[in-house]
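Enquirer: Residues per chain are reported as follows:
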Amino acid sequence: MTSGSPNPVPFRGGGFKPKPIGMVGPIVFVAVVALWEVGSRTGFIPALVLPAPSEVFEALRNLVETGLLWKHLGASLQRLILGWTIGTLLGVAVGFSIGLFSLARAGLGPMVAAIFPIPKIALLPLFVIWFGIDEGSKVATILFGTFFPTVVATYGGIDNVDRNLIRMGQSFGLTWLSIVRKIILPGALPAILTGFRISTAIAIVLLVAAEMIAAEFGVGAYILLAGSLMATDELVAGVAILSVIGLTVSWLIGRAERFLLRWRT
Amino acid sequence: MTSGSPNPVPFRGGGFKPKPIGMVGPIVFVAVVALWEVGSRTGFIPALVLPAPSEVFEALRNLVETGLLWKHLGASLQRLILGWTIGTLLGVAVGFSIGLFSLARAGLGPMVAAIFPIPKIALLPLFVIWFGIDEGSKVATILFGTFFPTVVATYGGIDNVDRNLIRMGQSFGLTWLSIVRKIILPGALPAILTGFRISTAIAIVLLVAAEMIAAEFGVGAYILLAGSLMATDELVAGVAILSVIGLTVSWLIGRAERFLLRWRT
Amino acid sequence: AGDKIKVGALRFTSHSASFIAFEKGYFKDAGLDVEFKFFQAAAPMAVAIASGDIDYGVTSITGGLINLADKGAIKVIGGALHEEKGIDGSAILVSDKAFKAGVTSPDKLAGRSFGITQIGSSFHYMAARVAQKEGIAMDQIKLKPLQKVGAIIGALKSGQIDAWAIVPHIAKALAKSGKVHIIGWINDYAPDYQVTTVFTSTDSAANQKDRTKRFLAAFARGAADFNAALVDKTAGDAAAEATVKLIHKYVYASKPYAKAAPSIRNGAMRLNEGAKLNVSNVKAQLDWFKAEKLVKGAIGIDKLVDKSYVKTY
Amino acid sequence: MELRLAGLHHRYDEVEVLRGIDLTIPAGRIVCIVGPSGCGKSTLLRLIGGLERPSEGVVLQIGDTPTASLNPLTYIFQDFALLPWRTVEGNVRLGLEDHALGQDETERIVADVLARTKLSEFRTALPRQLSGGMKQRVAIARALAVSPAFLLMDEPLSALDAQTRELLMDDLIELWERERFSAVYVTHNLAEAVRLGHKVVVLSRRPGVIREVVEIDIALAERATHGPELEAHQSRLWQSMRDEAQAAEMELVDG
Amino acid sequence: MELRLAGLHHRYDEVEVLRGIDLTIPAGRIVCIVGPSGCGKSTLLRLIGGLERPSEGVVLQIGDTPTASLNPLTYIFQDFALLPWRTVEGNVRLGLEDHALGQDETERIVADVLARTKLSEFRTALPRQLSGGMKQRVAIARALAVSPAFLLMDEPLSALDAQTRELLMDDLIELWERERFSAVYVTHNLAEAVRLGHKVVVLSRRPGVIREVVEIDIALAERATHGPELEAHQSRLWQSMRDEAQAAEMELVDG
Ligand SMILES: Nc1ncnc2c1ncn2[C@@H]1O[C@H](COP(=O)(O)OP(=O)(O)OP(=O)(O)O)[C@@H](O)[C@H]1O
Ligand SMILES: Nc1ncnc2c1ncn2[C@@H]1O[C@H](COP(=O)(O)OP(=O)(O)OP(=O)(O)O)[C@@H](O)[C@H]1O
Ligand SMILES: [Mg+2]
Ligand SMILES: [Mg+2]
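Protein chains in written order, with our numbering: chain A, 210 to 474; chain B, 210 to 474; chain C, 290 to 602; chain D, 2 to 256; chain E, 2 to 256.
Hints should not be assumed to be uniformly reliable.
Taking lysine to aspartate or glutamate and the EDC-like style, the derived pairs with C-alpha atoms no more than 16 Å apart in a straight line are [what the hints assert, rightly or not]:
| # | chain 1 | residue 1 | chain 2 | residue 2 |
| --- | --- | --- | --- | --- |
| 1 | E | K119 | D | E252 |
| 2 | C | K544 | B | D368 |
| 3 | C | K326 | B | D343 |
| 4 | C | K538 | B | D368 |
| 5 | A | K226 | B | E274 |
| 6 | C | K585 | A | E425 |
| 7 | C | K431 | A | E264 |
| 8 | C | K565 | C | D428 |
| 9 | C | K582 | C | D396 |
To spell it out: a stretch of chain E is covered by chain B in this simulated footprint if at least three of its residues, at any positions, have a beta carbon under 8 Å from a beta carbon of chain B; those stretches are [claimed, not checked]:
| # | segment |
| --- | --- |
| 10 | 76-82 |
| 11 | 242-248 |
Computed far set for chain B versus chain D, every beta-carbon distance over 12 Å [stated by the list, open to error]:
| # | residue |
| --- | --- |
| 12 | V218 |
| 13 | F220 |
| 14 | R221 |
| 15 | I454 |
In case anyone wonders, no lab produced these hints; they're calculated from the structure.
No residue lacks a Cβ here, since even glycine has one placed at the ideal position from N, Cα and C.
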């Protein structure tokens, strides 16, 4: 650079912004499935270790043709929706009280922290006694799983609401309820929606645990049966269904976020 | 307010800041346990539904006296530490590549999104075949559980690193590696640590699933055995141990955060 | 040192033959260096044999086991626990609520719920046999898969399911509590039921014949000691006491001996002499699984059982 | 209506922030408060508006509150404090919603204040779509909507760029000429203080005490043509503050 | 060494931001760039420093780069861009670490620039403990540490309060008197531009074209005493920009 003649300034910016490359995702997916199929056909991946994708597909087709898919899906979705909705409503309510009231925070906060990390499957035998073996215990499993993350996300969100906005509301003499409804609720909404992302994922994961108890139909029950019969093709097919449910729900929440948070940059 | 004489300006600020009330947490805890004990003693809570706290305590004392507690804890902690460490290292590495490279993002991102929501317990039969019945499959279960949230937290953190700081680094002619080490890594650290909070909780939850497979010792195995014999006192004791592990780990991460992120306001 | 082998076991009295053979050195005598691997359930044990993580196991015939055999991974090579007339075998239980509602004998099970761990488990098979003999159509009995024995116990005690069938020591202990009643015995319905079998991987059945024979011989010695001490009670009280003590090392280890001993004694069901195998009953079970569509394909008895090791009947 | 601060003291835990403030804020005038960073200007404003309780002393309102005023003491904040999820119109409505005014009256007020702040075209825009100056205009519109008796402004222009600041200052002067509102105007910027204040109160470094009160007798509308005079006021104020400002600037924020 | 911009054009996707910029930035002088919000001032600075590639045209360095310069073109940003996890010293070291200078040399440079920016006592403080003015001082120290041939400053004072801005402007003038560095100084603030610039370049509303270049021939050190003259420059610049600024301010930021 120590030369007398004019030199263009060297470029040193750019980068550190991974850009979406349109087709790579699908290509990788197709490639993985193709490799897997070839591995299975050539015996490189023994059937015992992993069924071939074609067999998994066959199992899925079977499910569709016998109409069982809708029965399983229907049963599971009903549990998911019921458990998640109640868990979420309770979780948001408790989260709001922890977020707004000192007493609730001091009393319930530590309880939530202590109970949150308890694995739900460990409590299954007790759930049977507490909630019966019908829909009760299944819905309760999912409800418990969604309740705690929702509580934590909600009060975290409330804690993060810009206090300046609240002071502004007070400076205009808004009532307590107006402040909660018009400032705190919308302000905490992004965090609550992020909480929904986590709680729906947990709810789907817990479907298998929930359907351990006396479930005739349901994707989780289907997976458990396949596991106990060592029908790996059906096992993987069931797992794929869960995966699709997960992606769908995550997409739905994405839409909800785009709609509800369209005010964000 | 429409009076001629001097009036003090009415106070309308304050509030919306729940304050910690020192003793309420412990008091609530003690009260719940005491109520529970009384309920059990009077038969209001049948033994079948929930064992009395004193029985749970007895079961814990038994564990300590027979020295089994340390065997169970030791086995479980070893699995937790091993699985979590490997899962975290891999997760951070993959998270960094997704965060830094367009190709990795396009190829691995969708894979991670699709595999994340798969419940680990559903795959247990396959894990036995893939990783054997010794420590392999147990560590793998925990590893899988921690890997995915770590990936997501890491690349989320990297995406959130202030691009201005990166441009600043470039404007001083820092090398690519310097920028990654000195700007991106510390900038993503808060998010990565938050990811650790989630992944450790998941690891503890998965302990029970992991120890479903041929585990002689381990808190999860202890809970499973208690559950299969319907020994509710031991069941609840085991769950309490998990809860304590969870609280301890969360406290440790809190300390780590305070130390590593002492530069934060 | 002998051949190192890994043996899968559940902490149940029905696995005592292995524990006795190990503790009394029968395995050592046979030149086998045994290491036990304990499981929480039978299904992963079958998978672990298929994957070569353990060499021998003892478990009931389940859909999973048959499907693994169909994939050419495992073989049944001998018999262990079986039902026998005259010895308390598995009992049929009903909850107090159902009992009070008039379900006092197995023929009244129509329209009642029945607890099982999983579809295709031995509990499922037992329920089917009872139904068949009583002339109850299978869809008249509501099967409730609850995964775990503990969950079934809880459900039965709290009256959420009506009936169950389980090995005698658990059945008797539950009956004592008064919340549950014994209304019949499985050996009235399946007198020849081969409850558990010894099995190993196809590879070791085909290529480790000598080792497998030695294992079965040592296992049979353990079974014989067990039968003599606790089933036939011909070995005297001292030997019985010693055997119970030995088993207590493995079963109910977390309970004090005084509490565990009755459970162990009550749980004594006969183990097959010389590990012989009731192939005709195994075939009957296999046919039932096929009829119920719990196993796919056309697996024959020869793919499931390697008859070359023990006497069959 | 005027405001009288009598013997105001304020402390946060052990930190003394304000000491012995006595001040009268007359009706229809703009009082500017200047002082180094952290000297307690914002705290003083919060005390005046009833958002904080003084440790000692009292803030009194003297005289009738105008009956038409929905919120006699109304703030305009430095960071605008707009609700990001509400449109321009929604933000302006916020202060009206808790008063039962009726559809038409509300609509009339909103349309009126938006017109006065030149925002009528931007009624349905969201805050993120607005430039800084427009955001502050919305905050002003919102404040005007509740017909305040006093405007309490905490560095309302300091988040804006220099050019926008110039433009909004002209707007504020124009507005005052029309409405003759009373205001307390907190600022760092001496140029602003001498442009807008009928009275400039200089606070010392923390704990803030009143160091000087400067009256500026030129009519607001005429100040643009009195450059040198204002310049003189400004540099006198700067001389009296410079050392304290420098010292305040070189303090560590904590430990 | 001097910089020459020849026929610079820049566009982001369909948005044309800069059009036909020709400009020479001589050695040892401060060139101020002013213009309404969004007119492309920051973009222009990024083009000059090589952080962005121009769509058309070229930025040339003419003459030898001083051999002692570790980073000939060095930025000072509006938001300071300090690494919050490094102390004052750590931030200053950042630009030196990738050059193998040796322990002693690094230490000497750090101590020197901290002394020059009056920060020696605050070596181990973290950014969060510093006031805005001190943060900007650290950013200046960090820039001086790499002995730049050109300082590229993007509104370096606009995030600060008015009083601190005054103080730092005096510091910058003092520094320039000692070091005679070359600089491109982007600002919104016409007062700053006429206080610091040997040459003030006025850009039009987007797409930015050069509208006017004003040379100010008063020595920097003497400007304080030339109030009226500067005032005249400033109000002439303001007249020429006012309408464009107003129009730019009333644009929605997006759809
Ligand atoms: N809620 C609070 N709790 C504790 N201390 C506070 C609180 N609010 C302000 N302070 C402290 O009180 C002092 C005065 O703060 P204040 O915000 O009133 O100053 P200011 O003059 O407005 O400063 P600036 O010019 O930076 O806006 C500062 O030292 C600040 O740290
Ligand atoms: N990376 C980018 N991608 C797309 N558009 C951009 C990008 N950076 C800037 N712009 C647009 O280019 C125009 C000029 O931006 P620039 O930041 O250079 O303006 P500026 O004069 O510095 O404005 P300000 O005074 O607000 O700092 C703006 O309309 C901006 O929205
Ligand atoms: Mg303030
Ligand atoms: Mg800019």
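Enquirer: For every hint, state whether the structure bears it out.
Expert: So, going through the hints one by one against the coordinates:
Between K119 (chain E) and E252 (chain D) the alpha-carbon distance is near 12 Å, which keeps this suggested pair within the 16 Å criterion. Among the hinted pairs, K544 (chain C) with D368 (chain B) is inconsistent with the structure: their alpha-carbon atoms are about 55 Å apart, more than 16 Å. Distance restraint check for K326 (chain C) and D343 (chain B): the Cα-Cα separation of roughly 9 Å lies within the 16 Å cut-off, and the hinted pair is therefore satisfied. For the given pair, K538 (chain C) sits about 56 Å from D368 (chain B) by alpha-carbon distance, which is inconsistent with the 16 Å threshold.
For the hint pairing K226 (chain A) with E274 (chain B), the CA-to-CA distance comes to about 58 Å; that exceeds 16 Å, so the pair is violated. Between K585 (chain C) and E425 (chain A), the direct Cα distance comes to roughly 20 Å. Violation of the 16 Å bound is thereby established for this hinted pair. For the suggested pair K431 (chain C) and E264 (chain A), the alpha carbons sit about 31 Å apart, so the restraint of at most 16 Å is broken. Distance hint between K565 (chain C) and D428 (chain C) is unfulfilled; the C-alpha atoms sit about 35 Å from each other, more than 16 Å.
At roughly 26 Å between alpha-carbon atoms, K582 (chain C) and D396 (chain C) are farther apart than 16 Å, so this suggested pair is violated. Counting residues of the segment 76-82 of chain E whose CB lies closer than 8 Å to any CB of chain B gives 4, which reaches the minimum of 3, so the coverage claim holds. Figure legend: the segment 242-248 of chain E, annotated as covered by chain B; annotation inconsistent (0 residues with Cβ-Cβ distances under 8 Å, at least 3 required). Not every C-beta of chain D lies more than 12 Å from that of V218 (chain B), the closest at about 4 Å, which undercuts listing it as non-interface.
Consistency note on F220 (chain B): stated as away from chain D, yet its beta-carbon is not over 12 Å from all of that chain's, at 5 Å minimum. Distance check for R221 (chain B) against chain D: the nearest CB is about 5 Å away, which does not clear 12 Å, and the non-interface claim fails. Non-interface call for I454 (chain B) relative to chain D: holds, since the shortest CB-CB distance, roughly 34 Å, exceeds 12 Å.
Hint compliance for this structure: hints 2, 4, 5, 6, 7, 8, 9, 11, 12, 13 and 14 are broken, all remaining hints hold.
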